[in-house]
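Undergrad: Sequence:
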Amino acid sequence: MATIISCFVLPCKPGAVPLTTRNSSLHEKLLPRGAHLTKTLAFSNSLSSISLPIDYAFGVSGGASIRALENPKPLRRSVVCNAMPTKKADSAEKRARQAEKRRIYNKGKKSEVKTRMRKVFEELDVLKKKVDAKAEEILSVEKLISEAYSAIDKAVKSGTLHKNTGAHRKSRLARRKKSVEIHHAWYIPTSTATA
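The opening residue of the sequence shown carries number 100 in the numbering used here; numbering runs sequentially from there.
Think of the hints as simulated: they come from the structure by calculation, not from any bench.
Treat each hint with caution, since some may be false.
Restricting the straight-line Cα-Cα distance to at most 27 angstroms, the calculated cross-link-like pairs of lysine-lysine (BS3-like) are [to be verified]:
1. Lys253 <-> Lys208
2. Lys242 <-> Lys209
3. Lys218 <-> Lys253
4. Lys209 <-> Lys193
5. Lys218 <-> Lys206
Here are the in silico distance ranges between beta carbons for each label pair [what the hints assert, rightly or not]:
6. Ile287 <-> Glu236: 14 to 22 angstroms
7. Arg194 <-> Arg217: 31 to 39 angstroms
8. Ser249 <-> Ala284: 23 to 31 angstroms
9. Val225 <-> Lys193: 47 to 55 angstroms
10. Ala232 <-> Pro288: 13 to 21 angstroms
11. Lys229 <-> Glu199: 41 to 49 angstroms
12. Tyr204 <-> Ile281: 35 to 43 angstroms
13. Lys213 <-> Ile287: 26 to 34 angstroms
14. Ala232 <-> Thr289: 21 to 29 angstroms
15. Lys187 <-> Val225: 58 to 66 angstroms
16. Ala195 <-> Ser278: 41 to 49 angstroms
17. Arg194 <-> His261: 19 to 27 angstroms
18. Ser210 <-> Lys186: 36 to 44 angstroms
Cβ coordinates follow ideal geometry from the N, Cα and C atoms, glycine included.
The task is simple: from the sequences and hints, build the whole structure.
TA: What follows is the structure, given as structure tokens:
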């Protein structure tokens with residue numbers, strides 16, 4: 100797991116920071132008799148040398164303290180760093196990003212379907228209004244219809260449209276084409292032919 104280190108700068112003044120424990124007899128048992136209880140924390144300008152004996156300074160020695168250097172430079176600063184593990188990505192934020200990506204993808208697919216359907220309807224309207232239209236003119240419209248069918252099928256396959264919605268839109272195109280053919284008498288329905 101990666102860690103993030105955040106640092107901030109504090110002005111440094113010479114002084115001691117006492118570290119105390121509740122059990123004062125603990126350091127007497129662990130430290131040899133007459134051991135010096137004060138340890139120093141030294142900072143350099145490049146922060147390359149930091150010396151701190153961990154076993155005496157934190158938790159073991161009751162009267163230990165951390166001191167800054169005795170003769171600090173006038174503009175010397177202490178750097179305090181805090182290392183913490185990176186926060187796990189929020190699942191709600193990830194879902195929001197995924198939803199936005201899918202929305203843009205689906206919007207393009209739906210737009211393509213609508214555009215192709217509109218082109219078919221416009222061609223069929225022009226063909227229906229023509230007085231001297233010929234049956235061969237429907238071939239160009241059939242090519243546009245096949246392109247629209249392909250776009251609808253791709254949208255259904257990718258999950259942009261429901262399969263029933265895709266079937267409904269294809270049915271609209273077929274009905275409109277049939278109404279134009281009936282209008283120009285290129286197609287005669289079987290129910291009318293038998294009657």
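Undergrad: Against each hint, give a clear statement of whether it holds in the structure.
TA: Each hint, compared with the structure:
1. Lys253 <-> Lys208: 8 angstroms, holds
2. Lys242 <-> Lys209: Holds. Lysine 242 to lysine 209 sits at ~20 angstroms (cutoff 27 angstroms).
3. Lys218 <-> Lys253: 18 angstroms, holds
4. Lys209 <-> Lys193: Cα-Cα ~24 angstroms, so holds.
5. Lys218 <-> Lys206: Satisfied, since the Cα-Cα distance of roughly 18 angstroms is no more than 27 angstroms.
6. Ile287 <-> Glu236: 14 to 22 angstroms: Given about 18 angstroms between the Cβ atoms, the range holds.
7. Arg194 <-> Arg217: 31 to 39 angstroms: 34 angstroms, holds
8. Ser249 <-> Ala284: 23 to 31 angstroms: 30 angstroms, holds
9. Val225 <-> Lys193: 47 to 55 angstroms: Holds, since valine 225 and lysine 193 (Cβ atoms, about 49 angstroms apart) stay within the stated range.
10. Ala232 <-> Pro288: 13 to 21 angstroms: Holds, since alanine 232 and proline 288 (Cβ atoms, about 19 angstroms apart) stay within the stated range.
11. Lys229 <-> Glu199: 41 to 49 angstroms: 46 angstroms, holds
12. Tyr204 <-> Ile281: 35 to 43 angstroms: 39 angstroms, holds
13. Lys213 <-> Ile287: 26 to 34 angstroms: Between lysine 213 and isoleucine 287, where Cβ atoms are some 32 angstroms apart, the hint holds.
14. Ala232 <-> Thr289: 21 to 29 angstroms: At roughly 23 angstroms between Cβ atoms, threonine 289 and alanine 232 fall inside 21 to 29 angstroms, so the hint holds.
15. Lys187 <-> Val225: 58 to 66 angstroms: Because 59 angstroms falls inside the window, the suggested range holds.
16. Ala195 <-> Ser278: 41 to 49 angstroms: 45 angstroms, holds
17. Arg194 <-> His261: 19 to 27 angstroms: Holds - the Cβ-Cβ distance for arginine 194 and histidine 261, about 22 angstroms, lies within 19 to 27 angstroms.
18. Ser210 <-> Lys186: 36 to 44 angstroms: Taking Cβ atoms as reference, serine 210 and lysine 186 lie about 38 angstroms apart, which means the hint holds.
When the structure is compared with the earlier hints, no violation turns up for any of them.
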